[in-house]
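Peer 1: Quick note, the sequences are listed as chains G and W, same order.
Quick note: the first sequence uses our numbering, first residue 1, plus one each step.
Quick note: the second sequence uses our numbering, first residue 1, plus one each step.
Calculated directly from the structure, the hints in this document are not laboratory data.
Please note: incorrect hints may appear among the correct ones.
Unchecked claim - Counterexamples of contact, computed for chain G against chain W with all Cβ distances above 10 angstroms: (1) A2; (2) V4; (3) T7; (4) R11; (5) K14; (6) A24; (7) H29; (8) L45; (9) G58; (10) L69; (11) Q72; (12) E79; (13) Q85; (14) G108; (15) T112.
Stated by the list, open to error - Ranges of calculated distance between the beta carbons of each label pair, as one might list FRET restraints: (16) G/E107 x W/T67: 29 to 37 angstroms; (17) W/T64 x G/S84: 47 to 55 angstroms; (18) W/S28 x G/K57: 41 to 49 angstroms.
Beta carbons: idealized from backbone N, C-alpha and C, even for Gly.
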Amino acid sequence: NAGVTQTPKFRVLKTGQSMTLLCAQDMNHEYMYWYRQDPGMGLRLIHYSVGEGTTAKGEVPDGYNVSRLKKQNFLLGLESAAPSQTSVYFCASSPGRVIAGELFFGEGSRLTVL
Amino acid sequence: SQQGEEDPQALSIQEGENATMNCSYKTSINNLQWYRQNSGRGLVHLILIRSNEREKHSGRLRVTLDTSKKSSSLLITASRAADTASYFCATDVSGGYNKLIFGAGTRLAVHP
Numbered sequence: 001n002a003g004v005t006q007t008p009k010f011r012v013l014k015t016g017q018s019m020t021l022l023c024a025q026d027m028n029h030e031y032m033y034w035y036r037q038d039p040g041m042g043l044r045l046i047h048y049s050v051g052e053g054t055t056a057k058g059e060v061p062d063g064y065n066v067s068r069l070k071k072q073n074f075l076l077g078l079e080s081a082a083p084s085q086t087s088v089y090f091c092a093s094s095p096g097r098v099i100a101g102e103l104f105f106g107e108g109s110r111l112t113v114l
Numbered sequence: 001s002q003q004g005e006e007d008p009q010a011l012s013i014q015e016g017e018n019a020t021m022n023c024s025y026k027t028s029i030n031n032l033q034w035y036r037q038n039s040g041r042g043l044v045h046l047i048l049i050r051s052n053e054r055e056k057h058s059g060r061l062r063v064t065l066d067t068s069k070k071s072s073s074l075l076i077t078a079s080r081a082a083d084t085a086s087y088f089c090a091t092d093v094s095g096g097y098n099k100l101i102f103g104a105g106t107r108l109a110v111h112p
């Protein structure tokens, strides 16, 4: 049982390039989330999804787009990368609403934008 | 602005000592969760305490919640070197949202 898998684990981009981070979960969870983690700031929610075909904005959505075409996958896209998007990105999933229980996290994707 | 804030930012102790970390938050919550993150890894859920609970235990972990003070504490008893990690509190915001808001974390170092 792999849980939550993120690819790629590391990526270096030049300013203006685009890329997509893939998150896959094999727990049949309804809810999925993308967070970014920066030093001294904890985790901040970028976008989330409450089910296949749905997405919603979190705290820091600007510069990112997401898609949830399949229940098990949640994609995070950067259309035109900026140095401010250098961060570690974490995907998480939960079976239901957070009021009911915990989030399950992937191992993270470290992105550097030069 | 962040919902949860941990205190202290960093804590250094010897093996066998107890470690206490505090979390304060700003708005009403349904539950509060604590997570652990080892260096370079993802977050792992430790414990969840609901707003109508005051204390909860799990192994060497003890969590308290004081909703009147909007604060929580995580106590790790008889700490081990393997407890070295960052610890985060996370709160869900009452009012229909489905989001966990994380604090900046406490970095715990346990020395052998």
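Peer 1: Identify every previously stated hint that the structure contradicts and give their numbers, smallest first.
Peer 2: When the structure is compared with the hints, numbers 2, 8, 9, 14, 17 and 18 turn out to be violated.
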